[in-house]
Amino acid sequence: MARVGGELKLLGLWASPFVTRAKLALQIKGLSYEYVEEDLGNKSELLLSSNPVHKAVPVLIHNGKPVCESSVIVQYIDDAFAGSGPSLLPADPYQRAVACFWAAYLEDKMLTPWGRVFKVKTDEEKAEAMRQTIAAVDVLEDGLKECSGGQGPFFGGDSVGYVDILLGGMVSWVKASEPLSGSKLIDAEKTPLLAAWMERFCELDAAKAVLQDVDRVVEYAKLVMTKNAARASNNN
Amino acid sequence: MEGVVVLLNCFVSPFGNRVRIALKFKGVAYEEKAENLAAKSPLLLSSNPVHAKVPVLIVDGKPVCESLVILEFIDDGFSAAGAPPLLPADPYARAHARFWASYVDTKLNEAGMRVWRSPKGATAAVEAARKDTVAALKTLEAELGGKPYFGGDALGYVDVALVPFAPWFLTYERFGGFTVAAECPALAAWADRCVRENTCVAESLPEAEHVFQFVCGMRKAFGLD
Chain A
7 MARVGGELKL LGLWASPFVT RAKLALQIKG LSYEYVEEDL GNKSELLLSS
57 NPVHKAVPVL IHNGKPVCES SVIVQYIDDA FAGSGPSLLP ADPYQRAVAC
107 FWAAYLEDKM LTPWGRVFKV KTDEEKAEAM RQTIAAVDVL EDGLKECSGG
157 QGPFFGGDSV GYVDILLGGM VSWVKASEPL SGSKLIDAEK TPLLAAWMER
207 FCELDAAKAV LQDVDRVVEY AKLVMTKNAA RASNNN
Chain B
823 MEGVVVLLNC FVSPFGNRVR IALKFKGVAY EEKAENLAAK SPLLLSSNPV
873 HAKVPVLIVD GKPVCESLVI LEFIDDGFSA AGAPPLLPAD PYARAHARFW
923 ASYVDTKLNE AGMRVWRSPK GATAAVEAAR KDTVAALKTL EAELGGKPYF
973 GGDALGYVDV ALVPFAPWFL TYERFGGFTV AAECPALAAW ADRCVRENTC
1023 VAESLPEAEH VFQFVCGMRK AFGLD
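Taken in order, these protein sequences are the chains called A and B.
According to the numbering used here, the residues represented by the first sequence are 7 to 242, in order.
According to the numbering used here, the residues represented by the second sequence are 823 to 1047, in order.
Hint data in this document are derived by calculation from the structure and do not stem from the laboratory.
Keep in mind that a hint or two might mislead.
In silico lysine-lysine, DSS-like type, Cα no more than 25 angstroms apart, as pairs [said to hold, decoys possible]:
hint, chain 1, residue 1, chain 2, residue 2
1, B, Lys884, B, Lys848
2, A, Lys228, A, Lys132
3, A, Lys71, B, Lys862
4, A, Lys196, A, Lys115
5, A, Lys228, A, Lys61
6, A, Lys49, A, Lys190
7, B, Lys929, A, Lys61
8, B, Lys953, B, Lys875
9, A, Lys115, B, Lys884
10, A, Lys190, A, Lys127
11, A, Lys61, A, Lys115
12, A, Lys61, B, Lys953
13, B, Lys884, B, Lys929
14, A, Lys125, B, Lys953
15, B, Lys969, A, Lys71
16, B, Lys884, A, Lys125
17, A, Lys115, A, Lys71
18, B, Lys929, B, Lys942
19, A, Lys127, A, Lys196
20, A, Lys233, A, Lys49
21, A, Lys49, B, Lys960
22, B, Lys884, A, Lys151
23, A, Lys125, A, Lys190
24, A, Lys49, A, Lys125
25, A, Lys132, A, Lys233
26, B, Lys875, A, Lys49
27, B, Lys862, A, Lys115
28, A, Lys125, A, Lys61
29, B, Lys960, B, Lys929
30, B, Lys884, B, Lys855
31, A, Lys61, B, Lys884
32, A, Lys132, B, Lys862
33, B, Lys929, A, Lys71
34, A, Lys127, A, Lys151
35, A, Lys127, B, Lys929
36, A, Lys151, A, Lys190
37, A, Lys115, B, Lys929
38, B, Lys969, B, Lys942
39, B, Lys875, A, Lys151
40, A, Lys115, B, Lys875
The following block holds chain A by itself, in its conformation from the complex:
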């Protein structure tokens, strides 16, 4: 792996799909970096000073300067290391806007309700949040069609791009969804393009190197939901 243009450090949490996005981008661009596993119950001084606004991972520190927010980090990696590895966003402004539209859709319509599944108290609220998430995946199938333009299995066409990385970071959690909730988030019968996308994505060297073990994610998710449920009942 090339050590290009200075020192890179990534502050993260192994389970976080947002951190996984940053790892995927670094891997795909062929960049070496130092990884620091944070304990979110005991955040390091470096994390708190690097991300004072959100105090969250991932944080990418490049030559001592922090970049926060996973989608901003992925774009930064593409901008700052333009000569290294493939371009993650299309060169054409309109195609770039289409990719960024679907990236925003992913965050607002799929990930926001999905996050609620792990936080809400009642089974009804969980089911509703899952329903909204699955509805968004249906729409995302159209997004994949639009972004790829029939040129390949990825949002980036025949090669991996920005939206592939943003969704790719979530893959182990997508796979964990069935054991956790009984529902498949990406179902080959309902969203065949996305199912094919997931299969091809997981074959990538970068994915094999970076994606978390699904069973570990399932155990971690159960722990998080138990903790959230306990906190909720303590507050009642």
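We have chain A; now place chain B onto it with these hints.
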């Protein structure tokens, strides 16, 4: 970039007004179509089938949706003599600008909406929303620091992302029971400066009272009063 430029907007929309400012800033000639969000036009529904929301920028028949996506598209696609870029060239500075624009959407807008959207009598919810809104405004004020603009000496991406919320401050204040001038004097001064020193901003923003009346109308329509 060639071709006819059309903006679908609603005059109070802070998201739509970001696009107005950017188009004027870049000197792009465009036609604006006012949308009635209670009766959306076929053009809006076909241009933004996913969200059916404004703003939509249609360039040569091709729609671009999501205000921050549109801003970057305008920045990438339209360069006129003398019109500087909205986003800086340096990758780190770009990342910094994108971070703060995202903050406006996820923290300020979200909290601000809760201030004016809460049903009558929901005192605890409004109080929580007020606290969050003021906290977001103070965080933004701290980021501005002593600079005249978030972009430095001149209007930039973050300024364009945030200033369309300034006409909404009066609405937040009246429903939330606070004043921006008292809580964040430097931010209030920045908002005035944006309007005073930039025609593209002055020509793009509605009157704060009109926003307030619009919101009152919306509250009635949604049975919040």
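Hints versus structure:
| no. | hint | in the structure |
| --- | --- | --- |
| 1 | B:Lys884 to B:Lys848 | holds (19 angstroms) |
| 2 | A:Lys228 to A:Lys132 | holds (14 angstroms) |
| 3 | A:Lys71 to B:Lys862 | violated (45 angstroms) |
| 4 | A:Lys196 to A:Lys115 | holds (18 angstroms) |
| 5 | A:Lys228 to A:Lys61 | holds (24 angstroms) |
| 6 | A:Lys49 to A:Lys190 | violated (34 angstroms) |
| 7 | B:Lys929 to A:Lys61 | holds (14 angstroms) |
| 8 | B:Lys953 to B:Lys875 | violated (28 angstroms) |
| 9 | A:Lys115 to B:Lys884 | holds (23 angstroms) |
| 10 | A:Lys190 to A:Lys127 | holds (21 angstroms) |
| 11 | A:Lys61 to A:Lys115 | holds (24 angstroms) |
| 12 | A:Lys61 to B:Lys953 | holds (19 angstroms) |
| 13 | B:Lys884 to B:Lys929 | violated (31 angstroms) |
| 14 | A:Lys125 to B:Lys953 | holds (22 angstroms) |
| 15 | B:Lys969 to A:Lys71 | holds (20 angstroms) |
| 16 | B:Lys884 to A:Lys125 | violated (39 angstroms) |
| 17 | A:Lys115 to A:Lys71 | violated (31 angstroms) |
| 18 | B:Lys929 to B:Lys942 | holds (23 angstroms) |
| 19 | A:Lys127 to A:Lys196 | violated (29 angstroms) |
| 20 | A:Lys233 to A:Lys49 | holds (18 angstroms) |
| 21 | A:Lys49 to B:Lys960 | holds (24 angstroms) |
| 22 | B:Lys884 to A:Lys151 | holds (17 angstroms) |
| 23 | A:Lys125 to A:Lys190 | holds (19 angstroms) |
| 24 | A:Lys49 to A:Lys125 | holds (21 angstroms) |
| 25 | A:Lys132 to A:Lys233 | holds (15 angstroms) |
| 26 | B:Lys875 to A:Lys49 | violated (39 angstroms) |
| 27 | B:Lys862 to A:Lys115 | holds (21 angstroms) |
| 28 | A:Lys125 to A:Lys61 | holds (19 angstroms) |
| 29 | B:Lys960 to B:Lys929 | holds (11 angstroms) |
| 30 | B:Lys884 to B:Lys855 | holds (16 angstroms) |
| 31 | A:Lys61 to B:Lys884 | violated (39 angstroms) |
| 32 | A:Lys132 to B:Lys862 | violated (32 angstroms) |
| 33 | B:Lys929 to A:Lys71 | holds (23 angstroms) |
| 34 | A:Lys127 to A:Lys151 | violated (36 angstroms) |
| 35 | A:Lys127 to B:Lys929 | holds (23 angstroms) |
| 36 | A:Lys151 to A:Lys190 | holds (20 angstroms) |
| 37 | A:Lys115 to B:Lys929 | holds (17 angstroms) |
| 38 | B:Lys969 to B:Lys942 | violated (39 angstroms) |
| 39 | B:Lys875 to A:Lys151 | holds (21 angstroms) |
| 40 | A:Lys115 to B:Lys875 | holds (14 angstroms) |
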